[in-house]
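Assemble the complex: chain A is given as a structure, and chain B must be docked to it using the hints.
In case you want the letters, here they are:
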Amino acid sequence: MKRAPKDVVAGARTVSRRALVVGGLQLGVVGALGWRMQSLQVEQADQFRLLAEENRINIRLLPPSRGLIFDRNGIPIAANEQNYRVVMVREDAGDVGEVLAKLTEIVEIDPRDLARAMEEMRRRSPFVPVTIADRLSWEDVAQINLNTPALPGIQAEVGLSRVYPWGADLAHVVGYVGPVSDYDLSRIDDPDPLLQIPKFQIGKTGAENRLERTLRGTAGTRRIEVNAAGRIMRELDRKEGDPGKDVQLTLDSRLQSYVQARLDNESAGAVVIDLENGDLRAIASAPAFDPNLFVRGISVADWTALNQDKYRPLAAKAVQGTYPPGSTFKMVTVLAAMEAGFVTPDETVYCPGYTDVFNIRFHCWKRGGHGNINLHESLKQSCDCYYYEIAQRVGIDKMAEMARKLGLGVRHDLPLSAVAEGLAPDKEWKARVRGEEWRIGDTVNASIGQGYVLSSPLQLAVMTARLATGRVVTPRLIRLIDGVEQPSGLGESLGLNENTLRRIRASMEDVCNHRRGTAYGSRIIDEAHKMAGKTGTSQVRRITPEERAAGVVRNEDLPWERRDHALFVGYAPYDNPRYAVSVVVEHGGGGSAAAAPIARDILLQAQYGGPPPLEAYPAAVRDRIAEQQRRIEARVPQGATGRSRV
Amino acid sequence: MSYLEYNTKYVPTGLRKVLHLNWAIILLLIAVASAGFLMLYSVAGGSMTPWVEPQMQRFALGMVLMLVVAMVPIWFWRNMAFLAYGGSLVLLLGVEFFGEVRMGAQRWIDLGFMRLQPSELMKITLVMFLAAYYDWLPNKKTSHPLWVVVPVVIIVVPTLLVLRQPDLGTALLLLIGGATVMFLAGVHWAYFATVGGGGIAAVVAALQSRGTPWQLLQDYQYRRIDTFLDPANDPLGAGYHITQAKIALGSGGWTGRGFMQGTQSRLNFLPEKHTDFIFTTLAEEFGFVGAFTLLVLYLLIVVFCIISAMGNRDRFASLLTLGVAMTFFLFFAVNMAMVMGLAPVVGVPLPLVSYGGSAMLVLLVAFGLVQSAHIHRPR
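For the record, the sequence lines run as chains A and B.
So that you can map any letter, position 31 of the first sequence is 32 in our numbering, and since no number is skipped, the others follow by simple counting.
So that you can map any letter, position 342 of the second sequence is 348 in our numbering, and since no number is skipped, the others follow by simple counting.
So here's chain A without its partners, still in its complex pose:
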């Protein structure tokens, strides 16, 4: 179509004019873009750079190796073991199913683990290593390494896991570690980022738990550059954490192992204290359990078995269990009375076999009575009426005060789970807790360690240690932390009359070494290692007048849980005390028969630092002791294995 030249010019002018309008609009848009660029890249640059760093740099924690726990001789009782596991990286594997099939031909893998690993691999990114199997033997790992070319994507890795070489022997003291749980996190106020690591192992019970901060160490960090998918591109830097501090306990693992073995088949607790410094040489509770089971994740069957056992293997009876101390409390009663001047050592009290207090009859264990009896004889023969009498003179408050002075009814600060406070009752306690007035009958019961009085084997051992030394012996469980010596447990003098103490010690000596003493059958005849002590038998049931009239049923004829507790406290050597011991056998019957022989064996073992010669025992029992020693010798500590340790 032909146009008029006028139209051509007019059209071109319109186009040019409108082109300028469009150009102006475009310039405006470019201006807006430039302004936006300026605002993002110049004004907010710092903020975005920060965000970029966060995007790019990922901080991963390096778990520190947990501190080791040693016994007093430097023998490890909680160690870290190299733990081999096999992991798979999906993207390197190619055909996952085929590789896993080959792997199962080489090493045995639980099908459930395999299913779990497959599931996890499906869920995670292809470059994330997924654990296929854990706790492989060195032989398995060697097999896998040998077959590496046939197993693409499969790697053997090594980690550390906790192991308790002494197994059940130190279970209640050392405790165990386990993966941190939501419950743990809700309960403890600990900002340590390590706890956020899935399956991070923390101390659950015992010293592992109470010394957690010391043993754990601090996390190292690894700064890595990652891409948006989380793949690690490279490591930027690495700061190693501080490994956990090593701890040395005062325990003697060999003695502990012996005590544990000696308590075998009983439900019992025993504590050995070194009188030179308050060191706890052994804290045994029987039966025990293998803490290694918990580290690996205990099976339901094992857990049920432990929980339903009527001997309560999980309970740390030596520190946690409280029992009426029975006659072992008599030293407290008599010391309170003599310190307050209500009785003199030579004063005699008449024992007809019972004492009537306001129409209530309290019986002595000896039905015929002991006749006229003084301090020495009352302790040696464990006459009850003597104590009924002097307790009424001195009153419960002074007795409770003396009990606490000797370490009963107070919580001893040990790094263990659930250290029992026990109970040294007084008038104020009964009014506060029971809302009742204290009765004289309560005092009479308390005088022989019955009624409200409760104490743990640990407290009884502390009491014995204080009686034997006359000084404030505080139990000590930790000897060194990271090589630093902890304060000694041997303190000031108790401030008791030394003469009175000497009379009581002499009586305790005769308990074991005098023909009429209650523990004469468990004496030590080796002059340098003789022991002194006191038996105790505490009732767990009330003997009704009818039953008493019909003749008290013998312990052996009662069901186990209604039998008396057997107790013994003692120390040796009697003339220069070095070790104090307490033994409580739950429902064991009489203290002289069930507890005293155990205490004697423990004291001998402690003094000799190993199995004592048979000559230390009375000739009559040597055959039996020899047999017992052979049996214990043959016993291998549970859980102790020959695996490599670090």
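Keep in mind that the hints are not guaranteed to be accurate.
Pairs of lysine-lysine, DSSO-like flavour, derived with a Cα cap of 27 angstroms [unchecked claim]: (1) A:K240 with A:K200; (2) B:K147 with A:K7; (3) A:K205 with A:K246; (4) B:K252 with A:K7; (5) A:K311 with A:K240; (6) A:K406 with A:K367.
Just so you know, these hints were derived from the structure itself, not from any lab.
Frame of chain A, contents of chain B only:
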């Protein structure tokens, strides 16, 4: 104005045409493309493969095509306009029936030696056809309603086809590019005011229709709009692209982290780092200075096109030049606005910089038309 009206005496012939090329535009195109090569080299982690080499080959091919197109007289192209438009429309319909679905969108047609994106082709042929239309239409009929409806249909048909693929970005580009040519040709202001008002109403309607049976847009398109309006709402989901892009840009600062030193784009935080989001890499590594320089280079290309068009009395040539300039402008403006969080993520590449075959070839051919218009302008 037909070629018969040209005073052919003054139109260069043969190799003399080379001297009359618009060299400023060519140099600017090479500069922008080179920035693209650098960035593709960087995002590949300092490697010529997989992106730089093919991109360079395509650019070389595109430059040759541009020169070939430039040598052909502009009146030939005007006569070809209808065929080009019709051909593009057929290819678009072909995509509808034989297209290959990639990344959730049906945009490609496999020609054997390359995958062709007919919608790219349409961006240019639409402008070309409209320019030819207004060259043919007498000036006084320009604003006549009947003669306004015709170009509207010419624009709307391919736009709807592209929208069906679905490719909202290209559809918008076609719509705005076509409307710009109509505006330049002198269609009355009132039409644009009416359509603008109608457009706003349509946007409102589209947003209102969400979730109803007659929903006008795809779900992913609504999500992109949501994301655009509030990227922080879902930083790891749909808003991820925008948030990460802004972080990359912002962390560039004044002068950037340096060539090959960008962490955000190279560490896969950014999606489509070699295509639609390549600007973030440039902005991160060369900072505000580099990004703004690129913006100025783009603007200069548009400015030289406008200057060329204003000096050209041939109606088809000047409308075509301005239409190509507008399309080119829309490409980089929408892409940058999208990456900087000023526009929704609509899938528009950064022209000559983003990795991609058909877009670059089509653009260079379009600039061949611009060159042809420049060389063969009436003097």
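Hints and how they fare:
| no. | hint | verdict |
| --- | --- | --- |
| 1 | A:K240 with A:K200 | holds (22 angstroms) |
| 2 | B:K147 with A:K7 | holds (15 angstroms) |
| 3 | A:K205 with A:K246 | holds (18 angstroms) |
| 4 | B:K252 with A:K7 | violated (53 angstroms) |
| 5 | A:K311 with A:K240 | violated (50 angstroms) |
| 6 | A:K406 with A:K367 | violated (30 angstroms) |
The structure does not agree with the numbered hints 4, 5, 6 stated previously, though it agrees with the rest.
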